[in-house]
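Trainee: The lines below spell out each chain.
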Amino acid sequence: MIYKKDDVSLERNVAMDLYEINEIERYRKKKTIARNVAIVLGILILSACIYICTLVTPYNSAELEKIVIGLFVVGGWVEIYLLVEVFLMAKREESHTRLILEGEKESFTGRVEVRKETFHIPQSITIRKVFLHDDSGKEEVVRRLNVDIRREKEILGLNGKRAVVTVSHGYIIAGEEMQ
Amino acid sequence: MRFFKNIFSKWHLYLSWAILGAILWGWIFTLLTSARPSRKLTVFEHSFESRAEAMSMELEKEKPENIKMISVHSFDYALFGQTGFTEADVFIIRESEIATYISDFISLETMATDHPEWHFYLQDGVPYGIQVYDAAARSGAAMSYLTYDGKELTGLDPEDYYLFIGKNSVHIGGEGQDDLAFALTEHILRME
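Top line first, the protein sequences correspond to chains H and R.
Quick note on numbering: the first sequence equals residues 193 to 371 in this note's numbering.
Quick note on numbering: the second sequence equals residues 71 to 262 in this note's numbering.
Treat the hints with caution; some may be incorrect.
[Unchecked claim] List of simulated lysine to any residue pairs, SDA-like, C-alpha gap at most 20 Å:
hint	chain 1	residue 1	chain 2	residue 2
1	R	80	H	313
2	H	258	R	101
3	H	258	R	104
4	H	258	R	98
5	R	138	H	251
6	R	80	H	265
7	R	75	H	317
8	H	283	R	88
9	H	345	R	73
[To be verified] Using C-beta positions, here's what the derived DEER-type ranges look like:
hint	chain 1	residue 1	chain 2	residue 2	range
10	R	174	H	259	36 to 42 Å
11	R	83	H	352	35 to 41 Å
12	R	127	H	312	54 to 60 Å
[To be verified] Going by beta-carbon spacing under 10 Å, a handful of chain H positions derived as facing chain R:
hint	residue
13	248
14	249
15	250
16	251
17	253
18	254
19	256
20	262
21	264
22	265
23	273
24	276
25	298
If you're looking for bench data, these hints aren't it; they were derived computationally from the structure.
Backbone N, C-alpha and C define an ideal beta-carbon position, used for all residues, glycine too.
My request is simple: use the sequences and hints to build the entire structure.
Mentor: What follows is the structure, encoded as structure tokens:
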């Protein structure tokens, strides 16, 4: 039996909600901090490299070159981490979360099967497939859903159980085990 | 764990940055420490051991205004840049090597006239090189910086060393040139 309910409020009392309203603001702050830190760090690294260059003579150039390369490379790695792993990830999470929270919500009931395979959406997040089986005894897959692997912890607990899940744009945003 | 996993998943990005940094700053430092031949004086020496950097610094104490740097390199350095070697101003080599390089040096008649006290290497009666180390007397110039006697290091018998001026030097008083190679020679011969 499949139940479908439109107009499901995010604030409804369920066992777990994977997305929160205030997440977008949190990601925005994270983005701003990461970008500002990257800019300040970049300016500091370049300034230090330029300053060291002013101290170069033919006799200390080999030593100073090693220092500058070390500073530039390690500082650059920190910058890459900040921009790719923090800033870009926050940006992707923000747009994903906004899409999910602003999307139309539906609820479905069935037996949950959490698949092993994960899939990285290019320039976006990594997801795990979750199948929802018909619980009338036919065991047919009636819904192929997705869950953000960063939020999958609670969903893993529903594996093999009957549950009602709330979905937006094909992503599970909430779930509750049914007795 | 996820922290390291995320970093390793983008290893090519981090590696590319490291390569870019090494190439970029290598190039910038080459620009910073290089000078046109007309603005530098170069000495190539073939002693058994040398304190080339200290010798450069000592020579730079009397650096002329229009010269950016005075470099001292061992012959091994020549393996990395043939141009720098052939365009060098002053060479300090062993007597046994003179025949190999003599065609790359200029004659020093004027210096022989000005400094009759110096001992010159003569090629067909023409002075070419100035003796900087006398193996028999175990004395010479710039001995604080150059190890001329390699007996202990290599077992080779000690031999005399001579200083020559390269024919491709741009500091030998040709048209539009200065004659700083000669001043540099005099400075080296004064060094202890």
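Trainee: Each hint should be assessed against the structure and marked as holding or not.
Mentor: Checked hints:
no. : hint                         : verdict
1   : 80(R) to 313(H)              : holds (16 Å)
2   : 258(H) to 101(R)             : holds (16 Å)
3   : 258(H) to 104(R)             : holds (17 Å)
4   : 258(H) to 98(R)              : holds (12 Å)
5   : 138(R) to 251(H)             : holds (13 Å)
6   : 80(R) to 265(H)              : holds (15 Å)
7   : 75(R) to 317(H)              : holds (15 Å)
8   : 283(H) to 88(R)              : violated (26 Å)
9   : 345(H) to 73(R)              : holds (18 Å)
10  : 174(R) to 259(H): 36 to 42 Å : holds (38 Å)
11  : 83(R) to 352(H): 35 to 41 Å  : holds (40 Å)
12  : 127(R) to 312(H): 54 to 60 Å : holds (57 Å)
13  : 248                          : holds (5 Å)
14  : 249                          : holds (8 Å)
15  : 250                          : holds (5 Å)
16  : 251                          : holds (5 Å)
17  : 253                          : holds (5 Å)
18  : 254                          : holds (8 Å)
19  : 256                          : holds (8 Å)
20  : 262                          : holds (9 Å)
21  : 264                          : holds (4 Å)
22  : 265                          : holds (4 Å)
23  : 273                          : holds (7 Å)
24  : 276                          : holds (6 Å)
25  : 298                          : violated (31 Å)
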